[in-house]
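Novice: Single-letter residue listing:
2 protein chains.
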Amino acid sequence: MSRTETVLQYLDAQEAQLRQRYFELLRIPSVSAQPVHAADCRRTAEFLAAELAAIGFDARVRETAGHPVVVAHHPGPQSGDAPHLLYYGHYDVQPAEPFGLWTSPPFEPTVVPGPHGDRVVARGAVDDKGQVMTWLAALRAWHEVGGGIPARVTALIEGEEEVGSPSLDAFLKENAAELKAADVVVVSDTNQWDFDTPAISTRLRGMAYVQIDLRAASRDLHSGMYGGSARNPINLLTRILGELQDEDGRVQIPGFYDGVEPVSNAQAAQWAELGFDEARFLGDVGLSVPAGERGFGALERLWARPTCDLNGIWGGYTGDGSKTVIAAEAHAKLSCRLVGRQDPEKIVAGIREFVQARLPKDCTAEVQVFALAAPVVVPVENRFVAAAKEILTDEFGKAPAMIGCGGSIPVVESFRRILGLDSLLMGFGLDDDQVHSPNEKFEWRCLTRGARAQARLLGALAG
Amino acid sequence: MSRTETVLQYLDAQEAQLRQRYFELLRIPSVSAQPVHAADCRRTAEFLAAELAAIGFDARVRETAGHPVVVAHHPGPQSGDAPHLLYYGHYDVQPAEPFGLWTSPPFEPTVVPGPHGDRVVARGAVDDKGQVMTWLAALRAWHEVGGGIPARVTALIEGEEEVGSPSLDAFLKENAAELKAADVVVVSDTNQWDFDTPAISTRLRGMAYVQIDLRAASRDLHSGMYGGSARNPINLLTRILGELQDEDGRVQIPGFYDGVEPVSNAQAAQWAELGFDEARFLGDVGLSVPAGERGFGALERLWARPTCDLNGIWGGYTGDGSKTVIAAEAHAKLSCRLVGRQDPEKIVAGIREFVQARLPKDCTAEVQVFALAAPVVVPVENRFVAAAKEILTDEFGKAPAMIGCGGSIPVVESFRRILGLDSLLMGFGLDDDQVHSPNEKFEWRCLTRGARAQARLLGALAG
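As they're listed, the protein sequences go chains A and B.
Using full-length UniProt numbering, read the first sequence as starting at 1 and increasing by one per residue.
Using full-length UniProt numbering, read the second sequence as starting at 1 and increasing by one per residue.
No false leads were slipped in.
You can't tell identical chains apart in this list, so a pair holds if it fits in one copy or across any two.
Dumping the calculated SDA-like pairs for lysine to any residue here, alpha-carbon to alpha-carbon at most 25 Å:
#	residue 1	residue 2
1	Lys398	Ala266
2	Lys398	Arg3
3	Lys361	Phe281
4	Lys361	Glu278
5	Lys361	Asp284
Since the hints were made in silico from the structure, they are not lab data.
Generate the whole structure from the sequences, applying the supplied hints.
Specialist: As structure tokens, then:
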């Protein structure tokens, strides 16, 4: 029996222990966006550092301007030619609000039966705690029964991915010498194509996330006394934001499409072969009318076209019943997913210009920037992607789909820019995992098969 | 010394006692919009019934489908020819949110110095608890030292004015025989022209208040995974509501202007004489650019043109930082102030049509109706208005301005329609009283001068 086979058998035998460690991780409410959870974020970092230390890593919780980062190193085997892999993940999670829509407490992992067997419902079940567990489990198995971890490994687990990784670039720059020794970054924060089909993601959209704070009168006003004379900032905000897209869904922010490139014929043909069913994709969440830009295919809109989505809006009276008020302020959170060579900084400048041009001179608009990330296209012609294709085929009995990803993992661009490292995006989530939504879940089979795939990858790269 | 003079002297001497009763009333948080304050509303009704009982009224707290109504009767003098006055007021108040903007607790009345002497800061200070105190104080003074209340009096104090008086019409219909015996309704819920100049209001705008609940996907979605394919209900809501007004501020709801009439030349000339300074009116609240419909004068926009104001909006993530979510729902509260022969029911139908016409077929919009009130023009050629002009001139040393009012007092139209009674709108608020806003206040001098004017009116009508 090969060492890899021994490791895979061990993983199958140790599922109960894996579930226990995974649940312990999920119980810590590491919501990076909410200051009240700062201590929980640190506790999660400490938990993961201890996990890594237990399997022979030199593991530390390292400070940043925000939530801490876990960095751990393992020297690998004595023989000098093993590759050096940098595993990246994030331990922070999205806010769980609205709590009322969860069928079980978001930070108490709950096993429910599904069409593919057990699924675990919890905030962070898949994004990204569950995905991190796939490679932690694989490393542990190699450590326990494989004759030692067969590659040099650095683990880097950050705590601010869900708020746009504001501290990570500085951290990578300050620790570049230590981190750039790796050969490739392995990122597990993406999806399979479907339950039966693995996937390697080859592009990620970028992001510009802002909050717009509109202010009119110096105080809330009586809508009877002032209505018809005083500016209503909520009407104004809807008027401004209502013009973000034209009839065809084309975004009207100045310069928005600078750097957006058409998809190549070859790329379009490869995506067409995937047979994506948008009607089913939307039908699963109760929708039937595709949104986005008219004139583009579904996968192109999801992977290769930019978006402009309002993620939140609020102003005036939002309680029970009625209040006849003209508010003093109105607010919105707005994020754009970016592609090609779109520049997040220029997008923000365009948003400012767009808002300012529509503002009466007695109103003000502040645009706060929460996250900026450039889009990424990942090179696929290298031995790491080749190995991943092979081991995924072995594990799933089916070759991986080479797909795009509509989401953003800003750090992938940072690894390229700051450390000169490319990434391998191999993830085990499913489209219906409800990431960022109530009742986020991870299929237990996706986690265990992910761990097996990660173990196979280590074996294959070690030779 | 005439009886009226005795009563006025008594009022001047009893200010401390008046303040004590007034503060006790203000301390009860009778917020009609919020179910949590239902018991407080009832407690306020009981307080007022006791006040009226203490000065010889047959006073009762009467049930409705919502918050109770106080009804009290006083037979007046033995001689049979005294007029029968129906005093109307409301004991409920607007929500105090946002609490953080109050300089003192909203339900702990606080005296602060101002340019006109003491002012009392509290929710309801003027609207309408303070105004109700003007006629309660006058009735008490006549009872104590005037030889008895010199007119037949019915007091009707409701608890749902701030939520559109949903139960009052039914109450008036059920008790029409009891209430229609009055000759006129005296309503104190309006403003003076300025601190030195009294006013009689001759028109009130009507109201249609709705909440729009827009629903798209069956759950919140990840904006990376779904952005470009799934409908964003916040973008959609801003797009719909952003079209409510055109470039000239003209409301685009179908049929909106049906029944809106131009102001007569005579009316326009009378309003022009008032010398209203819109720049100052707006400047006092930090604004400088008049909003509303282009091409109309300031008082016409405030008193004789309809409005369409968003009073609240919410959806998606509104907490700290960022969350990359496409929400499942978005909501707004919308109210229109109405004039002329505009029909509130038709306005609501127009809003439904306006929203529905802009909805993709996989989204739904519910339009909940919170308040409907027809606009009112008050007759001024009668002995009650004549008497009010005279006594206001006596009290202020200056004739009252005959003004419009941009606000809505739905019950005025109900009194006309159900009981056949006209109203006299004589109020003592000021434009800067911050009604419906944080730090609502009432000038103590406005309250005491109001009480004196109410006492004079009773004396004048009694003959």
